[in-house]
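Given the sequences, and given the hints that come with them, work out the whole structure.
Each protein sequence line maps, in turn, to chains U and Y. When we follow this note's numbering, the leftmost residue of the first sequence carries the number 3, and every step to the right adds one. When we follow this note's numbering, the leftmost residue of the second sequence carries the number 562, and every step to the right adds one.
Misleading hints may appear alongside valid ones.
Unchecked claim - Some chain U residues near chain Y, calculated using beta-carbon distances under 10 Å: (1) Ala-6; (2) Gly-9; (3) His-13; (4) Ala-17; (5) Ile-256; (6) Asp-263; (7) Gly-318; (8) Arg-320; (9) Met-321; (10) Arg-328; (11) Pro-402.
Said to hold, decoys possible - Think about it this way: if two alpha-carbon atoms lie no more than 25 Å apart in a straight line, the pair counts; the simulated DMTMM-like pairs of lysine to aspartate or glutamate are: (12) Y:Lys-772 <-> Y:Glu-754; (13) Y:Lys-586 <-> U:Glu-404; (14) U:Lys-87 <-> U:Glu-131; (15) Y:Lys-647 <-> Y:Glu-593; (16) Y:Lys-781 <-> U:Glu-404; (17) Y:Lys-647 <-> U:Glu-404.
What the hints assert, rightly or not - Now the in silico label distances, taken between C-beta atoms and shown as ranges: (18) Y:Gln-688 <-> U:Arg-328: 24 to 30 Å; (19) Y:Ala-578 <-> U:Leu-24: 39 to 45 Å; (20) Y:Asp-678 <-> U:Gly-365: 53 to 59 Å; (21) Y:Gly-637 <-> U:Arg-21: 55 to 61 Å; (22) U:Arg-21 <-> Y:Lys-679: 24 to 30 Å; (23) U:Glu-327 <-> Y:Leu-635: 14 to 20 Å; (24) U:Leu-24 <-> Y:Asn-589: 52 to 58 Å; (25) Y:Asp-678 <-> U:Thr-279: 56 to 62 Å.
Rather than coming from a laboratory, the hints here were simulated on the basis of the structure. Everything numeric in this text was worked out from a predicted model, so none of it was measured. Every residue, glycine too, gets a C-beta built ideally from N, C-alpha and C.
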Amino acid sequence: MFTAMLGEAWHAMGANRMRTFLTMLGMMIGVGAVVMMMAIGEGAQQSIKKSISSMGSNLFIVLSGPPNTAGARSATGNALSLNVKDADAIAELDGIAAVAPVTMGSAQVIYAGNNWNTAVIGTMPSYMEIRDWVIDNGYVFSNSDIRSATRVALIGKTTADNLFGDDTDPVGKTIRIKQSPFIIVGVLNPKGQSLDGRDQDDTIIVPLTTAQRKLFGNQLPGTVRMILVQAESDKAMPQAEEDINSLLRQRHNIREGSDSDFSVRNLTAIANTAAETTRTMALLLGAIASISLLVGGIGIMNIMLVSVTERTREIGIRMAIGARERDILLQFLLEAFVISIVGCVIGILIGVGGAMLVKNFAGTDTVVTTESITLAFAVAASVGIFFGFYPARKAARLNPIEALRYQ
Amino acid sequence: MSNVIEVRHLYKNYQTAAGAFPVLKDVNLIVERGDYVAIMGPSGSGKSTFMNILGCLDRPTAGEYLLDGHQVSLLGGNALAQLRNKTIGFVFQGFNLLARSTLLDNVALPLVYSGVDKRTRHEKAEQVLTKVGLGGYLNSRPNQISGGQQQRVAIARALINDPRLILADEPTGNLDSKTSEEIMQLFDGLNSEGISIVLVTHEHDIAEHAKRQVRFLDGKIVHDSYAQPAVMEVN
Ligand SMILES: Nc1ncnc2c1ncn2[C@@H]1O[C@H](COP(=O)(O)OP(=O)(O)OP(=O)(O)O)[C@@H](O)[C@H]1O
Ligand SMILES: [Mg+2]
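Laid out in structure tokens, this is it:
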């Protein structure tokens, strides 16, 4: 019975190919848009998640300079307000797992005639632990390198590729940073993009003391641009933030009521906000795309209404030979359902293809998940049933005599 | 219970803008199993209205109708559909075949609604099509055959569920006299197999095929006999 009906639905669709196709087209576009938009949203969310996990967990960043100036300031001659002793003091606080003072700047790097401008970070070995950053090849410089300010360097993947190409192993090679020779002792494991879109692998890490003395000598001895602080746990973060603030205000002799000369930022909170924003954007994309699905559904309803009117006589004949109301209902419902499901399947293919195009040509990450496909399928099926129901019921409620008399 | 149809004090009004319009006024008719009834009467006398009620396609305004022992007025939509499907075979003046389907599918359609599987459906449809002389046209479509052949297909469709009763409203109305004669011979054969037949016609020589003649006038039965005086009357 059911298969017979399915066959009939198929038959009826074939009788009016152009119309069926146009109706399906609405569905295809709707489903395609939903799948594609969800793929773009999911891609954005996943790349954000990757950036967040590459950042390290439970992080604060303490920046030199008053809170109202955003980010690390370029070397405008301003004295940096933080120093290594501040970092040591923060490390003594309760709930703090690790601390790494950081100074940084951009520098020209040369190897065998290859020139590359990159971000040079001067820091302590603890930086690597805080950021959960490992070495692919070689070793991390030690605290004794800090004490003696040796000229050793860790090199990021992007920088290494640009200076050495694919064939040469950078470890053991000597590069020149701002004319000073440095020996590369390790190659950093790639981390990809940071939350603000920078390539984290385009970098060189050197001992803090070496950076201060040999590279960024115009800065006051011992000062740093920022201090990276890792709390012991998520729960310890609010208290730690307060403690860092009061500790530094006290150390910097800042009177009650006046502005700090530093700022503490909860990186984890910032990351969560970014993730939340992306999620909202993904939802919004999906919601907008769903509207086209709705329009597709209305198209189905429209065509089914026309179909019921056109086939009134047929409905009368079927009733006269024993079709029950629900047989007629099922027949038209099934037809709407088949149109929407076939449209949906093609729409999914279009959506997946579109997502691939976006990935290749726009360079945005897109991820088609099975959930998005299942969702598109479920929605399309419900749309078919929902918008098919009214016309189908109209057909089933027809009076057999009037239907038979209909010309 | 040997009566296929028992109709008592049947009334049917149509609601029009001018108020209730009576079409059937106190119709009484009993058709025994195996009977063969021809209904005649002038246009507008209510014959089709009566047939539609007999066929469970329409409900009377008042009165009692027993079909094969079932009190029709007590039945719901699904039960009526089942009666139309199994107990009654309907043959229309305009054939009423599905243009898009093959003859085989057309004839098998009632079986779809009785939940018969596809193979049995097709076997049975082929059988009845052969019986009405169209065994060679199983996969043709209605527009590829003549009117007489189309009416045979409609009769085959009416027969497929082995009905007790065949109702035919002017089955030869669209056919020439030679083809009409062939169709009537088909009905005669079915009646001799024991199927009760009630048909409406305007033609005396068609009515002569039946055992019993009933005459409608202005919504009432004015003549009912097994002899054939009705034919002799001026129409
Ligand atoms: N749906 C309807 N609404 C109102 N009046 C109707 C309706 N159907 C039929 N009638 C009226 O009922 C009367 C009987 O119609 P019916 O079709 O039963 O006549 P008939 O005897 O079959 O005539 P014919 O021989 O021309 O087929 C007619 O006067 C017709 O106008
Ligand atoms: Mg009539």
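Now for the hints, and whether the structure bears them out:
Nearest Cβ of chain Y to the Cβ of Ala-6 of chain U: about 5 Å, under the 10 Å cut. The hint holds. Annotation: interface hint on Gly-9 of chain U holds; nearest CB of chain Y at approximately 9 Å, less than 10 Å. Hint status for His-13 of chain U: holds, given a least beta-carbon distance of 7 Å to chain Y, under 10 Å. With a cut of 10 Å, the hint placing Ala-17 of chain U at the interface with chain Y holds, because the nearest CB-to-CB distance is about 6 Å.
Interface restraint check for Ile-256 of chain U: the shortest CB-CB distance to chain Y comes to about 87 Å, outside 10 Å, so the restraint is violated. A distance limit of 10 Å between C-beta atoms decides the matter here; for Asp-263 of chain U the minimum to chain Y is near 85 Å, and the interface restraint is violated. Interface hint status for Gly-318 of chain U: upheld, as the beta-carbon distance to the closest one in chain Y is roughly 8 Å, under 10 Å. The criterion of a C-beta within 10 Å of any C-beta in chain Y is met by Arg-320 of chain U, whose closest approach is roughly 7 Å, and the hint holds.
A hinted interface residue such as Met-321 of chain U counts as satisfied when its beta carbon comes closer than 10 Å to some beta carbon of chain Y; here the least separation is about 7 Å, so the hint holds. Contact between Arg-328 of chain U and chain Y, as hinted, is supported at the beta carbon level, the nearest pair being about 8 Å apart and thus within 10 Å. The beta carbon of Pro-402 of chain U comes within 5 Å of a beta carbon in chain Y, closer than 10 Å, and the hint placing it at the interface holds. For a cut-off of 25 Å, the pair hint linking Lys-772 of chain Y to Glu-754 of chain Y stands: about 14 Å separates their Cα positions.
With a C-alpha separation of about 22 Å, the suggested pair Lys-586 of chain Y and Glu-404 of chain U falls inside the 25 Å cut-off, and the hint holds. Between the alpha carbons of Lys-87 of chain U and Glu-131 of chain U the distance comes to roughly 20 Å, so the proposed pair stays at or under 25 Å and holds. Only pairs whose Cα atoms come within 25 Å are accepted, and Lys-647 of chain Y paired with Glu-593 of chain Y is accepted, the gap being roughly 18 Å. For the proposed pair Lys-781 of chain Y and Glu-404 of chain U, the alpha carbon gap of about 23 Å is at most 25 Å, so the pair holds.
Taking the CA atoms of Lys-647 of chain Y and Glu-404 of chain U, the gap is near 22 Å; set against the 25 Å cutoff, the hint holds. Roughly 29 Å separates the CB atoms of Gln-688 of chain Y and Arg-328 of chain U, a value that falls within the hinted 24 to 30 Å. For Ala-578 of chain Y and Leu-24 of chain U, the hinted distance range of 39 to 45 Å is satisfied, since their beta carbons lie about 40 Å from each other. Taken as a hint, the range 53 to 59 Å holds for the pair Asp-678 of chain Y and Gly-365 of chain U, whose Cβ atoms sit roughly 57 Å apart.
At roughly 36 Å, the beta carbons of Gly-637 of chain Y and Arg-21 of chain U sit outside the given window of 55 to 61 Å. A hinted range of 24 to 30 Å for the beta carbons of Arg-21 of chain U and Lys-679 of chain Y is consistent with their spacing of about 28 Å. In this structure the supplied range 14 to 20 Å holds for Glu-327 of chain U paired with Leu-635 of chain Y, their Cβ-Cβ distance being about 18 Å. Checking the proposed 52 to 58 Å range against Leu-24 of chain U and Asn-589 of chain Y shows it holds: the Cβ atoms sit about 56 Å from each other.
For the pair Asp-678 of chain Y and Thr-279 of chain U, the beta carbons lie near 58 Å from each other, so the given range of 56 to 62 Å is met.
Checked against the numbered hints given earlier, the structure breaks hints 5, 6, 21 and satisfies all the rest.
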